[in-house]
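Two chains, two separate frames, one set of hints: put the complex together.
Line order of the protein sequences matches chains A and B.
Just so we're aligned, residue 1 is where the first sequence starts under the numbering used here, counting upward by one.
Just so we're aligned, residue 1 is where the second sequence starts under the numbering used here, counting upward by one.
Just so you know, these hints were derived from the structure itself, not from any lab.
Treat the hints with caution; some may be incorrect.
Stated by the list, open to error - Label pairs and their computed distance ranges (CB to CB):
#, chain 1, residue 1, chain 2, residue 2, range
1, B, L94, A, L177, 56 to 62 Å
2, A, S93, B, E187, 54 to 60 Å
3, B, Q124, A, E102, 18 to 24 Å
4, B, K62, A, L183, 40 to 46 Å
5, A, S93, B, A142, 24 to 30 Å
6, B, L223, A, A139, 54 to 60 Å
Stated by the list, open to error - Calculated from the model, a selection of chain B residues having no Cβ within reach of chain A, i.e. all distances over 10 Å:
#, residue
7, A110
8, T114
9, M240
For each residue, glycine too, the CB sits at the ideal point set by N, CA and C.
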Amino acid sequence: MSAARCPHCDQALRGIDLTPEGMGTCPSCGRKSVVVIFPALTTGNNTSPPALPDDPPAEGEAACFYNPKRRATKECSHCGVLISDAWAAHWGSDTVCLKCLEHLREKGQDARFQGSRTLWDNIALTLSLVPFTVVLWWAIVFTAPAALFLGIRHWNSPRSMVPRGRWRLVVAILLALIQVGGLAVGAVGLGLGWFGER
Amino acid sequence: MKKSFGDYRLLQKGNRGSGSLWLGPDHLLTIESSGFLGSFTESYRRFDFKNIQAISYSRTRKGMWTSILLGVVLGVLSLVIVNLRDTPAAAGVLTACALVILAALVIHLARGPTCVCKLQTAVQLFRLKPVDRVRKAVRLVAQIRQLCVTHQGGEVAETSIAPVQPSEGVQRAESTRTVDGIKLPWEGSKLVNWSLVLLLCSGAVTIGVPFVRSVVYFSANFLLGIAAYVLAVAGLTQSMRYKLPTALAIALRGAAVTFVLDIVTGYGLMIWTSVENTTHTFRGGRATMTADPNTEIYRRIAEAGFQGLGWVAWLIIGLGALAVLWGLLGLFSWVTPRESATSPPIPPALSSAGREQP
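So that you can see chain B by itself, here it is in the shape it has in the complex (with noise of 0.2 Å):
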């Protein structure tokens, strides 16, 4: 991309077409790109420096989630190198694979934390794209804190809030009812709790699954899994509009993440356990499958155990132990007293003269 053109000098570049930031004469240019598989639109908003009121930036999540979800896919794939050690051709492109998403990785992390930076004016609050992550923040506002206050006239004032730890007896401002698009404050669900109930009993016998060949147990901890995730999906959903304990968001966030790897892990089965089946026809052996070949892939499945079931049978004890985690989580955020805001003080009695007594 070109670093500059006519009075027009890049500032920050966005990616994957989020568009970029140009540094002009007496304003600041940000072009948005649009489009399905490629940019097929570009908007453009120009703001000039006298108007520019405040730029304020924030950390998000975004990023530690990025990671976590290209840190599993590794483990995963990982786990399915090491296992097809008889095919070096398969085991040779998921390596290609894996260190595509390493590289990734990698380059995710030295990037650094992600952030949301927006551009006050008197009229609009304005994100600006392409600046997505701290360093990236930290930097444009260098570049044009002083033209802004050029064009202004007057000293800046930075309100640099460094991490606060509230001091002892100091409460922190509860969130109230009255104000539109505040998080209330969480009081619990009953919806909640059985989710978190049914996951610690869905985990627990998730865990038993590679120990238990039986088509009951299977089909129990299936019914089981299924009702946990669903509630606690339903609770998740439910809670967004409150402000959860930090171990009860991280709880239902993890078991949304579960259900997604138990869905992927019980199609990936199927899908094995089909092509097994079809192979050892194709090399001479007999058909085992009966007119219904689905119900025969699950019961080869239910009755596979530990040894039938491969390394497969610690990702479903991983799977199961994560959901333990979950509930074990949520209930403990359940079961801790939560802060409470310190009622207003009573007032002192009065007299029946209507005069206060100490």
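Bound conformation, chain A alone (with noise of 0.2 Å):
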């Protein structure tokens, strides 16, 4: 991309199609928009990856730990082994090899990595609340137990990156406990004839 787009057609605001006013209204779908560019479009510092050097380390030279064939250039911050530019991700100011960044993303829960996050307090809150709708009351006997699982099981798990509290997990317990408590209590007078003649 070397051209700043429409927001509304994504097509590229070239001058050479623009109204000869300038940067106006978009040749394509007819929308005005305001645009702010910013150097990082001019410069095209982002449009190509660096060059990786190709030649084998020299003798006495650290080699890449991944690619042996690779000069070591940098070191990874999180397990410490020497790497190549190619084995490389850089994270701000972190240099992480691209396994330990894989850890970090899926098994190490790394704020600072992940790409995204399941809200298990969210889920089991719903799943409490599903009852209470009308047309969906029959599916208490399913959403009561799950929402009760759900809610226990995922106490501990990370919630949403912006800090929270567990008000969402101990109201969907304790909504559960009560559906299921009543469920119970309803089975048990069902067995014992509580509800219609003996």
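Now the structure itself:
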């Protein structure tokens, strides 16, 4: 990308396609836009990846831990191995190897590297509230135990990246307990004939 | 919601789970929520300030349509409330609903026009969903502009687009057929033309429904209306890939909205008639429904007349007038001459020796 793009139709707002007055109405969709351009667009600093040295490390030079044919230029700040540029990922001021990056994102749950999270507290709360809707009252048989299980299972799981308390889990567990208790009493009552003639 | 956590400070908060925007030490963090009946997952994206190439925003029509929708609902509720003077309980409930909708409309208007805002990097054009109002977009740009410049170095080149009025003689750039994704110029369509004519006729016939107490007339109006609106919706769908004249675009979209209102009105009439007859029977009246209640309901509506329909008659007349308006508006755009691109200059005739002649 070397030109700003219309926020409506994503077409490039190139000067040659624009109205004679200048950057105005988009030529494809006809919408007027405000565009704030930064130096990165014109300098093109990020349009191509950095060149990697092809020659193997000389005698006595450190070699990349994952590819011995490349010279080591950096050190992973997580595991400490020496790596080449091809195996390095930059994250702010940190440099990590690609394997550590994968570990940090998938298993380590490092907040700096995560791409997504499942909000189990919201799911548990929604499941506990579903039976209160008029049309889905019958689902209580499934949702109440599920809400109780999820609330207990994910009590210590990471919640939203924006820190928040556990009140959703508490409410979900309390409601689920009440519903499960009601189901249990109902089942026992039906068996003992409390709700009908013996 | 928290205003800050760790190294992050809240920039913008979206509505109804559209996420939020956070300012980090050297990057922008977007949090997007998704789920059913609530946020079940969150997605995180980080944009380094040194990688942000541009931020653009443009007004959308979503705000206008939301205002119209809320206004129409408020108007219909008001009509119903006025005619429910004899049942204060129902009137009270509907009044509460109307007040809620009124509050929503006022808040919507106070927040200003809606917009779409996108952030451009070397590899993507990312929509910032929390930034859905022009005021939010202006604030966002003011907050991060200096940060981007600082991390990238250099001056900001803002291309601010004021409403541009092309001067006389300056031709607007016309879309061409050669580039994918560009809307083609509208060249007319028989489907759309017939739909507009039918819409006009249907609207005129609808206006006469409260005055002509005839099943045949009512049926003709019903069939004509169905044909007109189905063609109008089909024409609207067909025309989506073309750049329509403004009047025609308004007419087709207005016809689609009126179609929905017609369906709601018709359905409401049927339910009202059915409930009325049931109430009459329970109060000791003679049941008027025959073995085929649907036919009886249809006949009663068709032969109700202006007095029998009450305030609904004015609603029907209003809907008919709207259909006439859309038809006239669309036909107006059809008969007015469209802007044509200037033809290329005719080259001077060449002499037999191949030299140009003045």
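What hints, given by number in increasing order, does this structure fail?
-> Violated: hints 1 and 6.
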